[in-house]
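*Asks:* Given these sequences and hints, build the entire structure.
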Amino acid sequence: MKIITERFDLKLKCGVRFCGGCNPRYDRGRALEKIKDYFKDRIEFSYAKEDVDYDILLVIGGCTNNCASFSQFNSKLGSIKMWSEDHIDKVIEELEGILLKSN
Amino acid sequence: MLMTGEQYIESLRKLKTRVYMFGEKVENWVDHPIIRPSINSVAMTYELAHDPQYEDLMTAKSNLTGEKVNRFSHLHQSTEDLVKKVKMQRLLGQKTGSCFQRCVGMDAFNAVYSTTYDIDKKYGTDYHKRFVDYLKYVQEEDLTVDGAMTDPKGDRSKAPSAQEDKDLYLHVVEKREDGIVVRGAKAHQTGSINSHEHLIMPTIALREEDKAYAVSFAVPSDAEGLFMIYGRQSCDTRKLEEGADIDLGNKKFGGQEALVVFDDVFVPNERVFMCEEYDFAGVLVERFAGYHRQSYGGCKVGVGDVLIGAAALAADYNGVNKASHIKDKLIEMTHLNETLYCCGIACSSEGYPTEAGNYQIDMLLANVCKQNVTRFPYEIVRLAEDIAGGLMVTMPSEQDFRSDLKVGKNGETIGEICNKYLVGSPAATTEERMRVLRLIENLALGTAAVGYRTESMHGAGSPQAQRIMIARQGNIEAKKELAKVIAGIKKN
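Residue numbers (my numbering), protein chains in the order written: chain V, 51 to 153; chain C, 467 to 958.
Calculated from the structure, these hints are not laboratory results. Careful, some of the hints might be misleading.
Calculated cross-link-like contacts (lysine-lysine; reagent style BS3-like; alpha-carbon spacing at most 25 Å) [stated by the list, open to error]:
#: 1; chain 1: V; residue 1: K131; chain 2: C; residue 2: K602
#: 2; chain 1: V; residue 1: K99; chain 2: C; residue 2: K602
#: 3; chain 1: V; residue 1: K131; chain 2: C; residue 2: K527
#: 4; chain 1: C; residue 1: K587; chain 2: C; residue 2: K641
#: 5; chain 1: C; residue 1: K793; chain 2: V; residue 2: K99
#: 6; chain 1: V; residue 1: K126; chain 2: C; residue 2: K641
#: 7; chain 1: C; residue 1: K534; chain 2: C; residue 2: K588
Simulated restraints on C-beta separations [claimed, not checked]:
#: 8; chain 1: V; residue 1: S96; chain 2: C; residue 2: K788; range: 42 to 48 Å
#: 9; chain 1: V; residue 1: K86; chain 2: C; residue 2: K527; range: 24 to 30 Å
#: 10; chain 1: C; residue 1: A671; chain 2: V; residue 2: K126; range: 39 to 45 Å
#: 11; chain 1: V; residue 1: S152; chain 2: C; residue 2: D497; range: 53 to 59 Å
#: 12; chain 1: C; residue 1: K602; chain 2: V; residue 2: E146; range: 44 to 50 Å
#: 13; chain 1: V; residue 1: S152; chain 2: C; residue 2: K788; range: 50 to 56 Å
Note that the Cβ used here is the ideal one computed from N, Cα and C, for glycine as well.
*Replies:* Listed below in structure tokens is the structure:
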């Protein structure tokens, strides 16, 4: 049981912040699901909270304005931003790069 | 504490709000089929605050407590806050397809906050502290508050004190050591029954002889002496029909207005935020109206999004979606809707801090915003009706579609006949076609037309009120100077 816990702690922690979704040009929730599906259990995704330390933040905007606030969250490696469905591959690439470095 | 939608609905049950409709007292108004859709709309302002996909718009950090609060009880701290307010309103218009009613409270908070600061500065009163304490309570309890401004006004050619019936404007009738007693009414009150509290403001700029009418205060919606008479809406009694669904157009959501009567209501001193400071009545009205004219650049746009979507679906279901004139009409509707949004965003982006610290919108642009709102939704509706076709108002009822009464020579039922003759393209079933046409009917001339059409005209002030403000803010003299320079006119 202890080993499992330690393994869990080693996973990359990614805080997710959505913009407020007033007029999104794509399904932001589905985009996150695709990214989560790709990484399966290699990255721990959770909705960003102010009292949690994350390795990286994923900021998902619904349009080019990408107005989501995220400076209130703690992240060791900064943030990755996306505002289009076309950015999913780029986000995956960037997260893979971070995983590679952290290993 | 942020309430959920369900907690909000349950919290209403604890109130003893007095509500009358069709000449009778409504005992269980929370579950009344005519009222409940409007409660569901307000509940969405609570529900979406818990959804990570909408939280960034729906919540903010309170400058008063440092806690996360619903944006509807927030004091705008930046132009970004003002922009997010408009975006939040668009979002809620999209999610409810109706008026979600909670904006009036938010706009009142911001107007009263800065105005009480200014009153205290001039008169040494302590209204601002009282109001801050009150707003902390509202934020902590996550309450819905009706910001109530519009008096019945009687004979419009006469000032409040010159009216034959002095109660046609809400006024102070008694000043006691521990508070005041007020009498009068507020008309067209959006969401009043669904609100935990009422925050009252004067309705016009006032002179000294009208100082009894210069009053701002807050009371619980079930305060002794306070009651509401429900405002009926076009097609409202369809909601009373057994099993009503399709014919309602929008079964779950709706708006609400009422006449709110103050029959000698006592207000304790700590809830009084203006009392006879008549020289600030106009300032408060102007600020509230400014915020509310900004609001329409968000909420009506969201409802417009739903209507444009419905018109596009109707085109699909009618099999005319490829016609160039239909495509062009949808483009025009979008253009008009986004123009309103541009105005809402622009007056927010050009906002500025008040002396009290919260942010006010750009007054000229907010009035231009609302002036456009008095026109564009009508044109958007006209185009939606054009695309939908006459069936949206001639269609048999859903009971007919479901009827198994045999009426045809070959034993066809009324339902079969309706389905046979009112079928559209293969893109949709007859029921789906009915549903979208009823939604357009609901927004164009049914219960939701109150919010989308006439409220667009008169809510937050009728068109002429905006034109007066545009004239004041328009800076014509500076424009003349510009023209003189270009034209080579040297005369001052």
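*Asks:* If any of the earlier hints don't hold here, list their numbers in rising order.
*Replies:* 1, 5, 6, 7 and 10
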